[in-house]
Every structure is written in structure tokens, then in C-alpha cells.
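So the sequence shown is residues 1 to 1107, counted in the UniProt record's numbering.
No lab work stands behind these hints: they were computed from the structure. Here a beta-carbon is modelled for each residue, glycine too, at the ideal position from N, C-alpha and C.
Now the in silico label distances, taken between C-beta atoms and shown as ranges:
hint: 1; residue 1: N358; residue 2: A751; range: 46 to 52 Å
hint: 2; residue 1: T917; residue 2: F598; range: 28 to 34 Å
hint: 3; residue 1: D828; residue 2: A450; range: 37 to 43 Å
hint: 4; residue 1: D141; residue 2: P608; range: 49 to 55 Å
hint: 5; residue 1: V147; residue 2: D187; range: 37 to 43 Å
hint: 6; residue 1: A468; residue 2: G512; range: 16 to 22 Å
hint: 7; residue 1: A900; residue 2: D1013; range: 53 to 59 Å
Capping the alpha-carbon separation at 20 Å, the derived lysine to aspartate or glutamate pairs in EDC-like fashion look like this:
hint: 8; residue 1: K1050; residue 2: D1030
hint: 9; residue 1: K856; residue 2: E753
hint: 10; residue 1: K213; residue 2: E124
hint: 11; residue 1: K856; residue 2: E741
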Amino acid sequence: MTDGPSLRPSTSPPVDLQRSSEPAALPPAEAECEEQLVSGLPPASFRSSSQLSASHGPAFAKLNRREGAGGWTPLVSDRGQWLQVDLGRRTEIRRVATQGSYGSPHWVTEFSLLSSDGGTNWKEHRRQEGGPGFPGNSNADSVSQQVLSPPLRARLVRLVPLAWHRQIGLRLGLFGCAFRSDVATVDGTGRLVYSPAGVRPGPCPPTVSLHFKTLQAHGVLLSWTGPHGTPLTLGLVRGHLLLLLLLRAGNRACPASRTVRLGSLLDDGHWHRVVLEHCQGGGNLTVDGHSQAFALPRAGPPDGRGDQLTLGGPAGSSPPPPAPPGNFRGCLENVYHNGVSVLDLARRGDPQVRVTGNVSFSCPGPGPWAAPVTLASPEASLVVAAAPGPPGPLAVRFRFRTWERTGRLLTTSLGGGAALLALDGSRLGRDGSPGVPPAGGAWADGQWHAVALRARGRTLGLHVDQEALGAQHRAPPEQLRAGRLYRFGGCSLGSECKIPFRGFQGCVRDVGLGDGPVDLLGGQQVAPGNRSGVRLDLCGMTDRCFPNLCEHRGICTQTWTDFQCDCSGTGYGGAVCHHALFEPSCEAYKHEGRGSGFYHIDADGSGPLDPLLVFCDMSDSAWTLVHPKGPERPRPGSALTSITYEASAEQLRAVRLPGAERRSERRGRAGVARVDPRGARGLNPHGTEEATGARRSGAPGPGSGAPGPGPRGRVPSAPPGPLPLPLGPGSFWNSASFSTEPSHLHFPTMAGELSLDVSFFFKSRAGSGVFLENLGMRDFIRLELQSPSSVSLVLDAGTGPTQVTVWTPAPLDDGRWHRVRAERTVLDARLQVDALPPAVRPAPAPGPARLQLSSKLFVGGSASRQRGLGGCVRWLRVNGRPLDVERRAAVTPGVEPGCAKHCATYAALCANGGRCTEARRGVACDCGPSPFAGPFCRHEISAVFGAGGSLTYDLGEPAGGGNGSAAPRDRAALGFRTLRTPASLLHLRSDRSGYLAVRLSSDGSLQIGYRPDAHRAPDVFTAASPPLADGRLHRLALSREGAVLTVQVKLARRCTGRLPGAPSRAAGPCGAGRAAERSVRCPRGSARYRARRRCSAHGERSGNRME
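Could you build the full structure based on these sequences and the hints that come with them?
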């Protein structure tokens, strides 16, 4: 697993520093590095795997030459053939040119390129696009040239044909120049300490650059105390490069430290380039072209004092953990400190460099027994034969590395049976016995692990990384005698394959039988196996988790051929954790029909900012409330209060959608945003509010605002509340209408070589049309309505066209808004329409294919001005960022800003009889006289009453009671709950001194008192119901027509909360509100009442709601 740096440029961009340059001799100027490197070489500099005849030998493979048969042709044309050139010394190669054989129909159409310094350990170079193969020729005579970026630096170059026309035929040219190489070897005891002489100002940033290669996974590479005094320790840990920044307080080191990890599989015995630079406040670490920034404590300008560089180990005593253990063992090349060659000074004995321990100024290669072997497929196998002589006790050792959790490592005969060593779910077992788990983690971690299987007397022991693994196996000595053949990887159908395991995929090196090593390159002990997937003198292992293509801190795991991303807990989903799982605003949740509450919002979608937990107040305008972590007390007499919020300043800026609040200010120093429409509040980059004159007492409504400063600028004494961010509908309802087929909008090119996402709403009366299109030289991406019932995403990232289509059960040209979400990553393409299941199409080829676009983004049409949308596009977002289509449409002919008639889509949100009405931006629900309120008429109107509290309404003249000509009718309904008795629930009084009263008696029973007018005696009766003062919600309906009174009670809908005066565990109201301490008269429909709409109790009389 790895959580290495992501390729997303916005995640951890390098610090913008003014770089210091190395001398012109290293590297040479590009214009001076174009020499023909092959044409003057002698025949002895060329080798090949085989040749068809003497006239087809490798020495005839020079570019534009016609000697011999006009090029190199092997005996058999297959993928095991190669052509090798020895340049005599390490050389910088910038360009490769190929031709087919002269006068023949034979040429190479695709090839891979390998390099080495000693010929026992080769490295495969990949194109900048990520693929291993370089394109070759299309005929025998033309020259195909490939620019190598970065340049290749090696002595030996090997070209391996991967595809060809009829037969392999090749002529080769290499272009570059001589490469200056100062080298040194340290063995773990040697160090070089460089202290610049004199006191002189250094450049900013101070820079250290070098190349290194090693077969060790651990060790301190260098320690550097720069002119700013912050000790930097750089070393290898498990094949990664770890930078340790030890912080200081005064003259002593603090226990706190920072670490930066970069690179992978750096213990492969190949050269790796490192650049370390830092200046005031920050720096960059670059490994093989991949950079990551780090922060440093700020200090004064550099003056050169105290600048010291130690190579091969730490400066002085060992640094504290997590520094790399041990010292570096390997080769260093071209170590430069601010443009000065440290190794050149050391080789010449300059007093500025102090050399201790064993240091030699050369770099010998490893022996042939250290040459790696790659088993690239489960069927591949390598068979090694023991030396001639009588068999002895079993003794075999080797090293392996892999990403696979299962696989057959080694099979051999043992006495009268067979011995098997295999990985089984990251367990290592022998003889088919249950595997033993490793002590420090899985074996499939990409690290080299040393295995020793040895018989001593009557015991057979297994050691991994010098530790005994499991119990020893005991058997008679004759049963522990070694066989003649040892098979690594897949097996044949012989007796050694009785125990089923898939073949091993990985690398093997340092093989030894008995007491001696095995030369895998010499071939005397290597017998034929299934060699189709075997690659000698090369470990073709790739770390697909570096750089980490899993975005948003997704955890990358991999196999030999693929990688996966674990997105758990990140707030993102998809193959590489790219698309956001949360909506970008409260407005979006509101128009999904959600009510007020806490929600996660991701304001920048797939951008670098994390989701943020906010409270969405779903009133007529959606408000987003960000809660503080806790206020800091102001200093006495100070008018400044510092309040730290749960969100960073970047998150708060992103939450405020464009067009939401035009009165907000963004000015002042960098990193400060004014977010309140009326107060004077600033947010620093850490999400801390500096408020002058800010007074808040809770969550504001849509019309609230913070008051200005108090007298003499002092802050009124009020507890800080949540920060309100008004999210107007400016972005959610931002739309444009396309009236003609050629009409379209232009926007800048979409950025997203590795991952890209687009989302928008559309509505159309046409059955087809292009939503958007972006083109490159060869690549493209297009989203279109292909038919009334299908939406398609079509793209080509250089690996062939990919199309994803979603078919809908109902036509999409219905004049309603439909949502489209499209995503492309290096692993797949994904398309979703409305709430239908997304359609997913895997990428056509493995590897990070880059989508390279160059034209403008066309919205509402295509580059050909044909098949325009003929409809509307709304809330268009690319990579999480909204595009202002309204503003662009206002200045574009044929396109109108805005798009009307939203109720066809959102009318269903208006509940309980509410009527959808068109607003200037969006929709609104008119709740009318219903007993419901809220943006979608879903909140029952309620009030919470304390002791003695009441509400009085003037309901007007009752129906049918004006002149006495019709029988009087009354209807009333309400919901209630309480724990107190006695209690008066409802009292209706008429102008004729009649009344209808409903109350709870002392025992909780329901009593109704009724008197038609002042001339009749009241009637009082008790309804047949259980006690109703139980804290549950009960509903009561009363109706009277003439002399008939009907009472209906709907009982016991459970609801939790707390009622006034109730114990803490008692049931209470569902809604919230204040207790009314005195009688208040609120005429029906008054604005004063409308402010009190947190309700669940309501009543009716004669067709009028009693609210």
C-alpha cells in the first residue's frame, strides 16, 4: 500500500523558487547535445541475441547504411530478440532513430528501450505518456525518430522489437553527447563532509543535486544543514526516499519533525536523480522528475554560515526516528552543492571536503549472481540445475520481490517426494503446509525478501529475512537430500505440481545452491523452462502506486498488472476516488427535497478541498452555517475577537458560490476573505475569523444580518455563533438557452489529462444534440444526446475511442431538467443520467493514458457548428468548478442567458397542496392557506406554550352563521401533546357569546364544553379516550352542524423531545419554538404570525385555518 503523492497538480505543487543552475558542462546545452553516437563505433560495440546470417549481423545496423544485407535481422523473429550497442562510457542520449532493413519488406513497428552500465542489470524506459513501447517504422526506408524525455544516460543501450512487418529488420541511430560523470562509492562506513570555505551569500534557493544507485533499501544518503539552520536528513526507507526535517528551538533540536516521502523501488541498482532545494519558508524535493513541496520555519536571508553537507550518512550522531536506519551503501554521481561539484573537489583533495572511512572514486557493478530475473506471467518458469556431483542436503537461497499475494515460488524434488515453497495470501509456506504469516507485514509489498531453505541433519528450516519462519520440519536425512532441478515460478505437469498454486509473478535474484552462487546469465546451470514470460538481467517490476493515482488520500494497492483504490472514508468514489459523493451546496440538497439539517457539502467537487460538515437552513434562501470550534477570549480593552471555525479559509471561499452575495468583499492581504454581507469580518488562511463589531446569537434567518460595531468600536458581549454564508441561487440556477443549431458557447480548454469530470442539467425539446465537445490533436471528448432516450460519452485518450451510453426508460426531450454526470479517469469512463445506475466502461489499455486537449471547450454545440443542442444547459461544472454560462451567453449571438419554466421539474417538491410558482431564479412553493409552511410546504405550523401562554386569532365571520338562515357549522382540528394537566387546548368564542372549549382534565381525559349562545346553558361532556397527557402527539377533530357535535381523536403517534417542565427523559415536542408567556393577538395572515412558523398544531373553523 502507498499514499504517495498524487499526480493532481493542485494537491501538492512545488514551491515557486528561483532556481540556481548547475555549470553548463552538466548537463550540456540542448543545442550542443545532438551528436551521432553510433555511426563511428567499431563492430565490436554491437551485439545481438542472434543473427540470420553473417551479412545480417548487428554491426550492419547503422542508420542509413547499406553494408551487408542492409541491417540486422535475427535468426527467429520473436519478442526474445534484441540489438545492443556499447557506447564505451556513460553518455546522454536524447533521441533514437530507427529504419528497416535496406531494400527489404522488413522493419520494426514497435520497440522497447533498455539501458545499463554493466550489462547485468537493465532498466526499461517508458514513454512520457506511460506506455513501455515506442512507435517504430511504417516502411523500410523512412527514418522514425523518438525524443527521450527525460534523456537516457547509460553506457549500454538495448533495443527489443515488440512488433514488426513480416520479419525483424532494423537499422539504428542514437543522438546525444558525452556525459560528465564524477562518481564515488561508499560502503556504509565512508562519508564525505563538505563545508564551503569563507563566508559568502549563497543563492536562493540553496540547492543540492546528485545521482545515486544502490541495492539496499535502507540508509542515510545525506545530511544537510543549510544557511537557515534547519537540519535536513535524506535517506532510503523500504526503497522510498524519506526527507526528515528536524525542527529546532534555539540551539537545540525539538522532538517535533516533519517528513516527506517520495519515490519507489529506488533500491533497484539503477541511477536515480535527486534535487533538494530550500529557501525561506519552504523547499522542494524532486526524485526522477516527481516533486513534492515542504515547509520550513522562516528565517533571515542566507549568509553561507553553518552550511555543511554530509554524504553517505548522518552528520555526527544518528538522527532520531523516523530517520532511515544505517548508512548508505552504493554509488554517488555528480553531487553538486550550489553549482559546485563536491566529488570533483574530493577527488582532487580539496580541503573543503573531508573524507572518512572507505570511499572510492569509481562505481563497480554487481556480480552476475546479483542479476535479476523477471517472471512476468503465471506460466513463466526458470529452471536452475545443481552442479554435477552426488546430491547433498537441500540448501537453496534467493531473494524475491512481488506485488502478488499468491504464487509458486520454488519447486524441487526432495528425497523421494517434492518440496514446494509458495505464497498463499501473503503467507509463505513449504511442502503444502499452511503458510506462516510474516512478522512485519505482507510479503507482497514490493520489497526484496531473502529466503533460505536448508536441511541440517534431520531438520529442514526456512528463514526469511534472516528470521526463522515456522517450526522446523524433521525427517530422516535421506528424505532431505536435494534434487537436481530447481524450478522458480510456474511448473510443468510433473509430480512437483501436485499441490495447486498459480505461478509466481515477480523478480528473483541472488540465487544460490549449496554453498555457492548461481550465474543466471552464464547459462551453464540454467535449463530450459517456459521462457515465454522470463526476462533475464532485468527486474521489470513497476510500482503502479507511484505516483499515487488514487486521489483525495485514497489508498492504493496493486498487483503485477493493475492497481486499485480504497476510497473508504474519503468522501469520494469511483475507480480512483475522483468523483465527490456529496453535493456542492445546500441549494442542491434543497432541490432534492431535503429539509434543514446537517449535511456534508463538497464545494469544489472533485477539487482538492475536503468535504465540509455544515448546517443547511432550508428557508426561502438556502443558508449554510459553519460552526466554530470555540472562541478565544479577547484581550481586555481589545475590539478583536478570534474565532476558529471547523472549515479552512479555502473551504469557506469555495462554499460561497459565485453570484451568491454581491455585497461580500474580498480584499486585504492575501488569504483574507470578507464573508459577511454587513459586518466587517476577515478570515485568515487557517479558518480563523477576526471580527470587529460582530454580534451573533444563533443561526440567522435569510433576512438577518450582523449589527455594526458598538460604541467606540467595541465588540458587543455576545457568544459567537455559527458563521452564516448566504448561498444564493446564482450558480445552481446559472443557465443559458441555445435557440439555433450553430449556437454555442466558448470556454477555455478543459484541464484533466489523468482525470476529468463534467456535470450539468439540461432540458430540450429536440431529440438529439451535442452538450459539449473538446478536441486535441488526436484526442477528444464529447458528451451528446444521441437520441431521445440515450446520452453518450465518447472520448479517445490515444488508446482508441471509448463510448459509454446510458439508455433511459422515458424520453429526455420532455422539457424537464435532467442531470448528467460524466467522468473519465485512467481506469475507466463513467456516465450517469438523473438517478439511474451509472454506466461504466473500463479503459481500453492499462496504464495512465493522458487525455491531451488543446481546443476551446464548446458548450451547447460542436466544433463543426452542427448538431447543436436546441435547449438549455444549467449549473455546468467542470472538475468541480462552475462555469458562468449566463455571463458568456449575454455576449454571444444566438444564445440567451437564463432558461424559464422550472416548475415542470420541481412542482412535485411542493407538498400538502402547495402550488409551484416560477421565480426569477428557480421556483417557489405557495403554501396558500394550508396549515403547512417552509420552502416546500412540509413543515406543520406549531407553537410551544409555557404556563399561562396563549395565542389568540380573529377568524372573521363563521360560514353559515351570518343571518341565521342556515344551520350553524363549526369545524376545528389541532394536534397537541403535553405532560401537564389540567390544560386548556382550544377555546372558540362567537359574537353571540357562545363558545366551544376543549380541555384536559386533571386525570388526562378529554372534556368538551359547548354553549351555542348566551341564552342556553353550557353542555359539558367527557370523550371516551385514554389519558392524553402522556407526551405523545394526538390529533383532535371537532365538527358541529346544527345540534350535532362530533369529536374524533387520533391517538399516540410517538414523538421524542422535551416539553416545558417535563423531566429530562420525558417525551417532548417534535418542533422547536419559544414559550409564549402572555396572551398575544395575531390576526390571521399577519406578518407577525408568519415569523412564527415552527409548528405542529393547527386548527380549522368554518373553512378558515386557525394557525
